[in-house]
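Visitor: Chain by chain, the residues:
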Amino acid sequence: NAGVTQTPKFRVLKTGQSMTLLCAQDMNHEYMYWYRQDPGMGLRLIHYSVGEGTTAKGEVPDGYNVSRLKKQNFLLGLESAAPSQTSVYFCASSTLVVDGFTDTQYFGPGTRLTVL
Amino acid sequence: RKEVEQDPGPFNVPEGATVAFNCTYSNSASQSFFWYRQDCRKEPKLLMSVYSSGNEDGRFTAQLNRASQYISLLIRDSKLSDSATYLCVVNFGNEKLTFGTGTRLTIIP
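Chains Z and W, in that order, give the protein sequences.
Number 20 in this note's numbering belongs to position 20 of the first sequence; there are no gaps in the numbering.
Number 1070 in this note's numbering belongs to position 70 of the second sequence; there are no gaps in the numbering.
The hints are simulated quantities; they were obtained by calculation from the structure and are not laboratory data.
Take these hints with a grain of salt, some might be off.
Said to hold, decoys possible - Using C-beta positions, here's what the derived DEER-type ranges look like:
#, chain 1, residue 1, chain 2, residue 2, range
1, W, S1053, Z, D62, 37 to 43 Å
2, Z, G53, W, P1109, 50 to 56 Å
3, Z, G63, W, S1081, 35 to 41 Å
4, Z, G16, W, E1003, 17 to 23 Å
5, Z, N1, W, R1059, 25 to 31 Å
6, W, A1020, Z, G53, 41 to 47 Å
7, Z, T7, W, N1065, 21 to 27 Å
8, W, S1081, Z, D26, 26 to 32 Å
9, Z, G63, W, R1059, 38 to 44 Å
10, W, R1076, Z, K70, 43 to 49 Å
11, W, N1022, Z, K70, 38 to 44 Å
12, W, N1027, Z, T7, 32 to 38 Å
Claimed, not checked - Cut-off 16 Å, straight-line C-alpha distance, at most; resulting in silico cross-link-like pairs (EDC-like, lysine to aspartate or glutamate):
#, chain 1, residue 1, chain 2, residue 2
13, W, K1002, Z, E59
14, Z, K57, W, E1095
15, W, K1045, W, D1082
16, Z, K71, Z, E52
17, W, K1045, Z, E79
18, Z, K70, Z, E52
19, W, K1079, W, D1039
20, Z, K71, Z, E30
21, W, K1042, Z, D103
22, Z, K14, Z, E79
23, W, K1079, W, E1015
24, W, K1042, W, D1082
As the list claims (entries may be wrong) - Reference excerpt, derived from the structure (chain W facing chain Z, CB under 7 Å, subset only):
#, residue
25, P1044
26, L1046
27, L1074
28, F1099
Note that the structure is predicted; figures quoted are calculated from it, not measured.
The beta-carbon is built from N, C-alpha and C at its ideal position, and this holds for glycine as well.
Can you make the complete structure from the sequences, with help from the hints?
Guide: What follows is the structure, encoded as structure tokens:
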């Protein structure tokens, strides 16, 4: 099992460019998440999904879009990158426990994005 | 007030010492609790889950105090390899986890 994988690992964009980050998990998890992590800010939830075909906004969704067309994949898109989106992006997945709430989340290795 | 609060540190502790971190959370309806470890420039990884009053795993002990709404992590006989950032994580009864900003620990030889 590869667990949670992310591509690419590193990327440099110019302001206004677009890109898509791909997250894949092979654990058959229902829930998937996208976070960003900035120095001193901790992990902040961007968007998440509770199942194939569903997405929801997290704490900092502006400037990002997501799609979950297949259960194992969760895509994060930046339509017009801005320097404020320079960050480390982590994807995570988890399984449904009971009554809709989640348990342990497993993280991918991260994507380091710089927007110039 | 943040939903999950931790002392950011840094804690600089000599090898072999015992160190403890505390974490407070704001919602008394919280369902489950975790400690994650994050090494520099790496992803967070689960260290321990805390489901009842607490549990122990080798040199690590986690305790939960629901009345006072805090959890703690105790590391005994600390090793150089324990140097990392420790994240306090809480599930408030839904499909998301809320992460603290982390406590940075450095073990000094």
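Visitor: Taking the hints in turn, state whether each one holds.
Guide: Hint check results:
1. W:S1053 to Z:D62: 37 to 43 Å: holds, 41 Å
2. Z:G53 to W:P1109: 50 to 56 Å: Roughly 53 Å apart at Cβ, these two residues keep to the hinted range, so it holds.
3. Z:G63 to W:S1081: 35 to 41 Å: holds, 38 Å
4. Z:G16 to W:E1003: 17 to 23 Å: violated, 35 Å
5. Z:N1 to W:R1059: 25 to 31 Å: For W:R1059 against Z:N1, whose Cβ atoms are near 28 Å apart, the range 25 to 31 Å holds.
6. W:A1020 to Z:G53: 41 to 47 Å: holds, 45 Å
7. Z:T7 to W:N1065: 21 to 27 Å: violated, 42 Å
8. W:S1081 to Z:D26: 26 to 32 Å: Given a distance of about 28 Å, which is inside 26 to 32 Å, the answer is holds.
9. Z:G63 to W:R1059: 38 to 44 Å: holds, 43 Å
10. W:R1076 to Z:K70: 43 to 49 Å: With Cβ atoms ~45 Å apart, the hint holds.
11. W:N1022 to Z:K70: 38 to 44 Å: Since W:N1022 and Z:K70 have Cβ atoms about 41 Å apart, the given range 38 to 44 Å holds.
12. W:N1027 to Z:T7: 32 to 38 Å: Given range 32 to 38 Å: holds, Cβ gap about 36 Å.
13. W:K1002 to Z:E59: holds, 13 Å
14. Z:K57 to W:E1095: Status holds; Cα separation ~12 Å.
15. W:K1045 to W:D1082: holds, 13 Å
16. Z:K71 to Z:E52: holds, 5 Å
17. W:K1045 to Z:E79: Violated, at about 30 Å.
18. Z:K70 to Z:E52: With a Cα-Cα distance of about 6 Å, the restraint between Z:K70 and Z:E52 holds, given a limit of 16 Å.
19. W:K1079 to W:D1039: holds, 14 Å
20. Z:K71 to Z:E30: Roughly 7 Å between the alpha carbons, so the hint for Z:K71 and Z:E30 holds.
21. W:K1042 to Z:D103: violated, 21 Å
22. Z:K14 to Z:E79: holds, 12 Å
23. W:K1079 to W:E1015: holds, 6 Å
24. W:K1042 to W:D1082: OK: W:K1042 and W:D1082 at ~14 Å, within 16 Å.
25. P1044: It holds, given that the least Cβ distance between W:P1044 and chain Z is near 5 Å, below 7 Å.
26. L1046: holds, 5 Å
27. L1074: With a minimum Cβ separation of about 21 Å from chain Z (threshold 7 Å), the hint on W:L1074 is violated.
28. F1099: holds, 4 Å
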